[in-house]
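Protein chains: 2
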Amino acid sequence: MTTPEEAARLDAEDELAAFRDRFVPITDESVVAYLDGNSLGRPLRATADRLREVVAEQWGARLIRSWEERWLELPERIGDELGRVALGAAPGQTIVADSTSVCLYKVLRAAVALRPGRDELVTDTANFPTDRFLVDSVGAELGLTVRWIEGPDDVAAVAGPRTAAVVLSHVDYRSAAIADLAGITRVVHERGGLTVWDLCHSVGSIPVALDADGADFAVGCTYKFLNAGPGAPAFLYVNARHHEAFGQPITGWMGAADTFGMAERYVPAPGIRRALSGTPPVLGMVGVQEGVALLAEAGIERVRAKAVALGRWVLDLADEWLVPLGFTVASPREDARRGGHVTLRHPDAERLSRVLIDNGVLIDFRRPDGIRIGLSPLTTGFTEVRAAMERIRELAG
Amino acid sequence: MTTPEEAARLDAEDELAAFRDRFVPITDESVVAYLDGNSLGRPLRATADRLREVVAEQWGARLIRSWEERWLELPERIGDELGRVALGAAPGQTIVADSTSVCLYKVLRAAVALRPGRDELVTDTANFPTDRFLVDSVGAELGLTVRWIEGPDDVAAVAGPRTAAVVLSHVDYRSAAIADLAGITRVVHERGGLTVWDLCHSVGSIPVALDADGADFAVGCTYKFLNAGPGAPAFLYVNARHHEAFGQPITGWMGAADTFGMAERYVPAPGIRRALSGTPPVLGMVGVQEGVALLAEAGIERVRAKAVALGRWVLDLADEWLVPLGFTVASPREDARRGGHVTLRHPDAERLSRVLIDNGVLIDFRRPDGIRIGLSPLTTGFTEVRAAMERIRELAG
Numbered sequence: 001m002t003t004p005e006e007a008a009r010l011d012a013e014d015e016l017a018a019f020r021d022r023f024v025p026i027t028d029e030s031v032v033a034y035l036d037g038n039s040l041g042r043p044l045r046a047t048a049d050r051l052r053e054v055v056a057e058q059w060g061a062r063l064i065r066s067w068e069e070r071w072l073e074l075p076e077r078i079g080d081e082l083g084r085v086a087l088g089a090a091p092g093q094t095i096v097a098d099s100t101s102v103c104l105y106k107v108l109r110a111a112v113a114l115r116p117g118r119d120e121l122v123t124d125t126a127n128f129p130t131d132r133f134l135v136d137s138v139g140a141e142l143g144l145t146v147r148w149i150e151g152p153d154d155v156a157a158v159a160g161p162r163t164a165a166v167v168l169s170h171v172d173y174r175s176a177a178i179a180d181l182a183g184i185t186r187v188v189h190e191r192g193g194l195t196v197w198d199l200c201h202s203v204g205s206i207p208v209a210l211d212a213d214g215a216d217f218a219v220g221c222t223y224k225f226l227n228a229g230p231g232a233p234a235f236l237y238v239n240a241r242h243h244e245a246f247g248q249p250i251t252g253w254m255g256a257a258d259t260f261g262m263a264e265r266y267v268p269a270p271g272i273r274r275a276l277s278g279t280p281p282v283l284g285m286v287g288v289q290e291g292v293a294l295l296a297e298a299g300i301e302r303v304r305a306k307a308v309a310l311g312r313w314v315l316d317l318a319d320e321w322l323v324p325l326g327f328t329v330a331s332p333r334e335d336a337r338r339g340g341h342v343t344l345r346h347p348d349a350e351r352l353s354r355v356l357i358d359n360g361v362l363i364d365f366r367r368p369d370g371i372r373i374g375l376s377p378l379t380t381g382f383t384e385v386r387a388a389m390e391r392i393r394e395l396a397g
Numbered sequence: 001m002t003t004p005e006e007a008a009r010l011d012a013e014d015e016l017a018a019f020r021d022r023f024v025p026i027t028d029e030s031v032v033a034y035l036d037g038n039s040l041g042r043p044l045r046a047t048a049d050r051l052r053e054v055v056a057e058q059w060g061a062r063l064i065r066s067w068e069e070r071w072l073e074l075p076e077r078i079g080d081e082l083g084r085v086a087l088g089a090a091p092g093q094t095i096v097a098d099s100t101s102v103c104l105y106k107v108l109r110a111a112v113a114l115r116p117g118r119d120e121l122v123t124d125t126a127n128f129p130t131d132r133f134l135v136d137s138v139g140a141e142l143g144l145t146v147r148w149i150e151g152p153d154d155v156a157a158v159a160g161p162r163t164a165a166v167v168l169s170h171v172d173y174r175s176a177a178i179a180d181l182a183g184i185t186r187v188v189h190e191r192g193g194l195t196v197w198d199l200c201h202s203v204g205s206i207p208v209a210l211d212a213d214g215a216d217f218a219v220g221c222t223y224k225f226l227n228a229g230p231g232a233p234a235f236l237y238v239n240a241r242h243h244e245a246f247g248q249p250i251t252g253w254m255g256a257a258d259t260f261g262m263a264e265r266y267v268p269a270p271g272i273r274r275a276l277s278g279t280p281p282v283l284g285m286v287g288v289q290e291g292v293a294l295l296a297e298a299g300i301e302r303v304r305a306k307a308v309a310l311g312r313w314v315l316d317l318a319d320e321w322l323v324p325l326g327f328t329v330a331s332p333r334e335d336a337r338r339g340g341h342v343t344l345r346h347p348d349a350e351r352l353s354r355v356l357i358d359n360g361v362l363i364d365f366r367r368p369d370g371i372r373i374g375l376s377p378l379t380t381g382f383t384e385v386r387a388a389m390e391r392i393r394e395l396a397g
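Quick mapping for you: the protein sequence lines, in order, are chains A and B.
Residue numbers for the first sequence follow the working numbering, so the first one is 1 and each next one is one higher.
Residue numbers for the second sequence follow the working numbering, so the first one is 1 and each next one is one higher.
Chain A with its partners taken away, still in its complex shape (with noise of 0.2 Å):
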């Protein structure tokens, strides 16, 4: 069941179908199918138009005055909206910051603050480089020995009386495979550790419940399957009971309780905008606003659910066109353990996908032998899938 007729039933049943045009098109017509929105999501009409508007209108013509107006309540504003559309945050937890490498930094040592006497982080060697990293260098900062796991799975055999905090991405940047969010924080949970989740490959893509799985802190981008745009701002959640005591190192004018009282000392903001540092990145939250709005509209239920079914396309296409020819699957087959995209190995695949590329299969490659095929629910359809996979076989044939 792998014909255009099965692609065409597929595009003809799809209830987001319609959210394409919501998108500015892509005028480059050597482009068969963009498959890298979870690198870099594709940009909405509303942002460009917005852009324009805040430009003219807020800045240009309000000027100053659109900060109290405005623009320094975004933060938490759309932070609260991405927390109820995508994250199951309660609002005061979640806000619109700096990068995702900032706002890991503050949280990882936030986290470990919390727990003062315990000497030990755990992260998995197939962690996003910026996580390891991030690790490593908070871990030699602070004395901290890190322990490095293979996988998530592995958490349950080193977490203990000594494990401070444990960095964990939900969803693997390679293979796609979903960790268990709920069941691992529990297990932190139990040895009196805490948990950082890096949601960059989960937000907008799969539904996430931050409360109810008792998540301690988490970050993540918003340029990927949110849509916001390229080094769009980030954002950050710290679960309402570490307000009172939480703190992060870098102090900036916006985390203080009196931001324009410039006091002589600082004293950290009551809850989660104590977390802000520096001035709020306007232009750059327009995208995250828009992005967030669109969602709401989707539902992140259905918009799982396509990507459920979209990645089960790739997969079906793939053992039909391209196991044949020396790929593996590296994603889980298995549904409900799979992301928003999928991987496939091939021994040439850092070649091969600058030939696809060329070719106008904008597919992601990942060392050391992966081709990343994004999924992205309101702006891919399955013909547009098919017509790539088709390219992929002719070209890797």
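By construction, these hints were calculated from the structure, which means they are not laboratory data.
None of the values given here were measured: they were computed from a predicted structure.
Don't take every hint at face value.
[Said to hold, decoys possible] A few chain A residues that don't get close to chain B, going by computed Cβ distances all over 10 Å:
hint, residue
1, P161
2, V187
3, R312
4, N359
[To be verified] Each pair of labels, with its calculated beta carbon distance range:
hint, chain 1, residue 1, chain 2, residue 2, range
5, B, D154, A, R52, 45 to 55 Å
6, A, D21, B, T383, 45 to 55 Å
7, B, R241, A, A336, 30 to 40 Å
8, A, A56, B, R241, 39 to 49 Å
9, B, R84, A, A305, 27 to 37 Å
10, A, A90, B, E390, 46 to 56 Å
11, B, R337, A, E69, 33 to 43 Å
12, B, E301, A, T145, 49 to 59 Å
13, B, N359, A, E57, 18 to 28 Å
Each residue gets a CB set at the ideal place from its N, CA and C atoms; glycine is no exception.
Given chain A, put chain B in place with the hints provided.
Below, chain B alone, put in the same frame as chain A:
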């Protein structure tokens, strides 16, 4: 000589007058004068146009390919140009990234790490809150003592063999007093310490000569005199002589030697690039690029000359109209010691500021009693300033 004719003469002789047309017009007719460009510079028309272009053509059409084609280099490319046009910095020492707070945290940590065994930081009590907060909290974090001084002139009295770093603003955010960057840096170096200069209120307003003056580290924002937009990315300078040895604690993938190598351990990129952490904020950088380009066209020396003339004009008008009403001048009267704004003190400044803003005179209130009159040479004219001062006289009279 505070007549309308004199204002008209000054405007007629103003070589930079035409630059005003390069900005998005203020459509709000209630605005008498925008004198808060030192909090938030106005948007350039070019920024509005380029944002549209970047969204549609780079992000929307080239999609992920834009990262390799052009975006990855932006932090250094714009940084180099900013260094050339405004900072007196040779290429390879300046990057555009993060917020000022995050940049300051990074360079402060870097500076301290370069001076092991020294256990004091120096800053002044009049410094901007973020700077004071960060000196305080980084000091506490690393077990250093903070030596508080009353102003930059007191550095010589306290800097000594225990001084790791001296953190100062080049232009005081309240009084606009210019610190002796070259002289203070020399003194600190004689005592074996390092300098961290906050250029927020000087960049794009007065020429800075970081290389010639031997500065070690500097940071600054781009949303004031560079007109880059609300919360636009900040910049960070590290003198080349520190490139071999310096490090910073937020070790994200963009600061690694091989960003896409996904290496096992963090190996810092050579040179200034190791100061990067997360993914560069592309949309935010558009405004920086355009702001720097316009400054290059105008020339920082001409901008400075006009800022001085505007400052003198404000002082003349204040002396004639406002001093008799109870105002005092809080900024240096000597041109060479005064930055790009003039601050007037008034016992009732807080209430009066609100009245002024409600009446279209967009100034800035700074506690406890300062009314800050920002002078942006690329957008501000002499007749406009006169009208604003006249309005202040009426409303305070």
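Task: In rising order, the numbers of the hints this structure does not comply with - done: Those not satisfied are hints 7, 9.
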